[in-house]
Amino acid sequence: MEKFITHIHPPKGVSLGLRELWQYRELFYFFTWRDIKVKYKQTYLGIIWALLQPLGMMLIFTFLFSKTWPINTGTIQYPVFVLSGLILWNLINSAVSHAGESMIQNANIINKIYFPRLIIPGSSVLVALFDFLMGFVIFIILCFFYQQNIHFSAIWFFPAGIIVTIIAAFGAGSFLAALNVKYRDFRYTIPFMLQVLFFGSQIIYPLQSIQQTWLKYVLAVNPVNTALEFFRAPLSSAKVDTAVVGIGLVSTFLLLLTGIYFFRKTEAYFADLA
Amino acid sequence: MKPAIEIRNLGKEYKLAPSQPYVALRDILSNGAKNLFKARKEKEKFWALQDINLDIQPGERVGIIGRNGAGKSTLLKIISRITPPTTGSAIIRGRVGSLLEVGTGFHPELTGRENIYLNGSILGLKKAEINKQLDAIIDFSGVEKFIDTPLKHYSSGMQLRLAFSVAAHLEPEILLIDEVLAVGDAEFQKKCIGKMEEVSKSHGRTIMFVSHNLDSLRKFCSTTILLNGGRLIEKGNTEKMISLYVSKHLETNAEMYWEQGIESYNKEVVLYKTWLHDENGVIRSIYDTTEKLGISMDYQVMKDNVPFTHGINVYNQEQVNIFNSHDVTTGNTDRQKKKGRYTATVWIPGNLLPEGIFNISVAIFLPNPLDVLIHEQNKLSFEMHTDYSKLSARGTYSDDFPGVIRPLLNWELIKND
Chain Z
1 MEKFITHIHP
11 PKGVSLGLRE
21 LWQYRELFYF
31 FTWRDIKVKY
41 KQTYLGIIWA
51 LLQPLGMMLI
61 FTFLFSKTWP
71 INTGTIQYPV
81 FVLSGLILWN
91 LINSAVSHAG
101 ESMIQNANII
111 NKIYFPRLII
121 PGSSVLVALF
131 DFLMGFVIFI
141 ILCFFYQQNI
151 HFSAIWFFPA
161 GIIVTIIAAF
171 GAGSFLAALN
181 VKYRDFRYTI
191 PFMLQVLFFG
201 SQIIYPLQSI
211 QQTWLKYVLA
221 VNPVNTALEF
231 FRAPLSSAKV
241 DTAVVGIGLV
251 STFLLLLTGI
261 YFFRKTEAYF
271 ADLA
Chain P
1 MKPAIEIRNL
11 GKEYKLAPSQ
21 PYVALRDILS
31 NGAKNLFKAR
41 KEKEKFWALQ
51 DINLDIQPGE
61 RVGIIGRNGA
71 GKSTLLKIIS
81 RITPPTTGSA
91 IIRGRVGSLL
101 EVGTGFHPEL
111 TGRENIYLNG
121 SILGLKKAEI
131 NKQLDAIIDF
141 SGVEKFIDTP
151 LKHYSSGMQL
161 RLAFSVAAHL
171 EPEILLIDEV
181 LAVGDAEFQK
191 KCIGKMEEVS
201 KSHGRTIMFV
211 SHNLDSLRKF
221 CSTTILLNGG
231 RLIEKGNTEK
241 MISLYVSKHL
251 ETNAEMYWEQ
261 GIESYNKEVV
271 LYKTWLHDEN
281 GVIRSIYDTT
291 EKLGISMDYQ
301 VMKDNVPFTH
311 GINVYNQEQV
321 NIFNSHDVTT
331 GNTDRQKKKG
341 RYTATVWIPG
351 NLLPEGIFNI
361 SVAIFLPNPL
371 DVLIHEQNKL
381 SFEMHTDYSK
391 LSARGTYSDD
401 FPGVIRPLLN
411 WELIKND
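Order-wise, the sequence lines are chains Z and P.
Using my numbering, the letters of the first sequence correspond one by one to residues 1 to 274.
Using my numbering, the letters of the second sequence correspond one by one to residues 1 to 417.
Chain P on its own, in the form it takes in the complex:
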């Protein structure tokens, strides 16, 4: 049988535009005069993807991992024909469905039912197919009651559930998924993965799946490819690729795993994982300054009634310890922990940190007297940037804006005459 996806020498080159990706006519006109007398300056270029050769067999479920900027999303975008390659070619055998986002094209003014039709059709379903699946989609989403209400009245959770339901009912032979399964509540996520798994197993669906969430890769994909700097490092067994990735390639540290766990000196607590995530639980290492950022720890308490609390230290790129936080909320009320597995999360509010790179240390400790059980220093790091489409402390000011913190403060104005 011929491979479902055959990729040969695929490459994608981007021109680096310093500030904006598109061109303003006025710049061309005003620069035109200058350029007449000057030699043309070449734009800086870089290869987002280079020399990719890959065969994916029908029915194979392949994960794609790599650091931010490794070329994962570019690869999916080329295969789903959103952007063309610069070199090489690919042959795709079968109907392709791509899920680079859930709820693409959702419109707030349309009702849930209308959005199912719109979104389904954008994702490549025929109207007849949507008609056939409509009841199943509505049923699956669990928002029957509101199905004829405009989407703008839905909570964000409900919108996600509806979007996922449409996605879960896609039945192309080849499905490309980018990160999207990481959003939404955990239980519903599981339901969706279950549904997709069921379809993919019984229909032999081929899947390419990009994720930062190593757990869902483990569950979902038998093989995984590892990308780094736009090149394909290796394709192989998922477990093997994940450990290669974690040991050799993971430099952005939105997530830290310990296969065996980090044991406290008294063997009472074992830390397995710590990670950074947004409000939806998506693990990532880049945030805009208005976003809330969660820091979670996943650990095991080995015996009953162990007393401890949690803490973090936050450092900026000049290694200044900007602030620390000790858990005085769950730590005080429930200091004696029962045996079992826990996840502790602390939220750094939006509009607190300026742009830059920050390092995080996580700790499990007893405050009085100080007894440090686990202190993993600078294990996580993230980058803050400004999203000018949102209201941040910058407003629309884009010049140098110093300061160790960047709170969004209220101003008052009184007219005195």
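Extracted from the complex, chain Z is given alone in its bound form:
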């Protein structure tokens, strides 16, 4: 019995609380499982939709840019290039927007029971990852269809790209989730910010096509660019731009730390606000 001792006191200091998060890993699993299950129970077309949407976008962009306004994507064919960008973009887009809303959507549970609150935005990110994995399968099929060469280094470059995306999404998502609880109308700005981020990411154009070096390095702060730099490395003969990746990795981890710090700092009062 002496094993479980809980000390309750007014909040002071901020820790990441990773050990507690680990203790609650099963709840983490169940929240993710619930969201995936509910999502696909409600729409039988859900899975197909998750696949059709990026494919449709890919066709539009391919039509636009390969015929009318060609973009040089090196050894990667444009449809493969743009689909790789779109599936990673969908991952961060849906992870950030769902994580941002998640605390408000789960307010009734937050008001009634204690658990490490980070589980909530965290599981939103995992749900987005689940959708991504299906898109990823389509992407691989497309690569075969276009006879795109995939270098064996994909074994670490693909996961690296995905991990950078997830870390960035989790950082930004938990930051926005906490902000949303405090300032309820903040949510309306999220879609707009994501829209801006879309054009600041090398999804439909390669970062290397930007002439101004300074602009390239400013855009490198955006973690999506680093993620795509990794993700496309095994598809292209061009080398990974280490400067871009270096800047991106630093900003990704700063984003993660800021997000978690802000979330942990405000989480004690979520139940009073929500």
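Errors might be hidden in some of the hints.
What the hints assert, rightly or not - Pairwise CB distance ranges, derived in the manner of DEER restraints:
#1 P:M1 x Z:W22: 28 to 38 Å
#2 Z:E20 x P:W411: 53 to 63 Å
#3 Z:I163 x P:N410: 25 to 35 Å
#4 Z:E20 x P:S243: 41 to 51 Å
#5 P:P402 x Z:Y188: 44 to 54 Å
Keep in mind that the hints were calculated from the coordinates and are not lab data.
From the three backbone atoms N, C-alpha and C, an ideal C-beta is built for every residue, glycine too.
Use these hints to put chain P onto chain Z, whose structure you have.
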């Protein structure tokens, strides 16, 4: 042995926000300019809980009573770590399970079985523990047939039974319960309390139990603490605390008890209790305007074939007698009552009364000729408020809306061209 719960100087301060608890960014931005030139106005604050010192021994079952706003739920919320205290500290020795609501996290799209896993896991059960208890939980709930049907097809009673079954199978060392046992049908409630009692006695489980239902406190708790205005008044024997509460502190009158009963002048009828409750039988004194409100009387008929009927008077806060009701349903068909204990209930429908405080008088009487056996005046009172998430006669209109009653009426619209 060290206490299971050790509370020292615990206090919780809330900032009073006039309308909404959260802040809108637009307000901050638009007020920002004004505030630059104005001195910062301090928000009003109040202490929901203050200077609480309390030791609870392992295996102790402690009830918490007090008026609405006495700090009962705040205390449970702090101990279950949902909200942090402003001052003081608490040490909890043992795994804590808190039941501030039954069926927390239930999702209508998931099946009964899936919801057991979800809810169990939210309440702190490990997956392996749920696997082990699954059959027992399903069996206990009595909804085996529908266990693989989505929850949205369950009746509210079935949902409650399922939720209770999960709750009854929790086995933490310390269990915090808020009011929840008061919901659901009486028989199933009894079954749950029985099960919890069994577990708590054999495993020495420590329990803190908030309730407005004094009967279940009597049954369940050996000691009780009395809170008033955020302060701990006394901890002691449950019987003693209940009588202290009823005699000194009960001002919201969702419930009225008479230990010896109120005897009619002819000694034929004795009234023991009268109370206000919602559709689920939960005793409370605050309702939203769309809710149905029940008024019950518990009385004893002392000899066979006594004729009488029931009645109520309803007054608003200006002391206007809005309406009365005489029992012409059970009173007419079965006027001659046999000896025994009865509970009479009358329902005031939702969407009838506006916001405000109302007083209720209850009566047992003979109409023709009028012969009043018992008439307890203004013994119960309740408050009505608007819940904007529900469809009431207000809709989304939040300004002044006068009128003695507030029915929700049907409107028709015909296009004439």
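A quick look at each hint next to the structure:
1. Here the CB-CB span from M1 of chain P to W22 of chain Z is close to 31 Å, well matched to the stated 28 to 38 Å.
2. At roughly 54 Å, the beta-carbon separation of E20 of chain Z and W411 of chain P lies within the given 53 to 63 Å, and the hint holds.
3. Between I163 of chain Z and N410 of chain P, the C-beta spacing of about 59 Å breaks the proposed range 25 to 35 Å.
4. Checked against the hint of 41 to 51 Å, the pair E20 of chain Z and S243 of chain P passes, with Cβ atoms roughly 44 Å apart.
5. One distance hint, 44 to 54 Å for the beta-carbon pair P402 of chain P and Y188 of chain Z, is violated here, with the actual separation near 36 Å.
The structure fails to meet hints 3, 5 from the earlier list, while all remaining hints are met.
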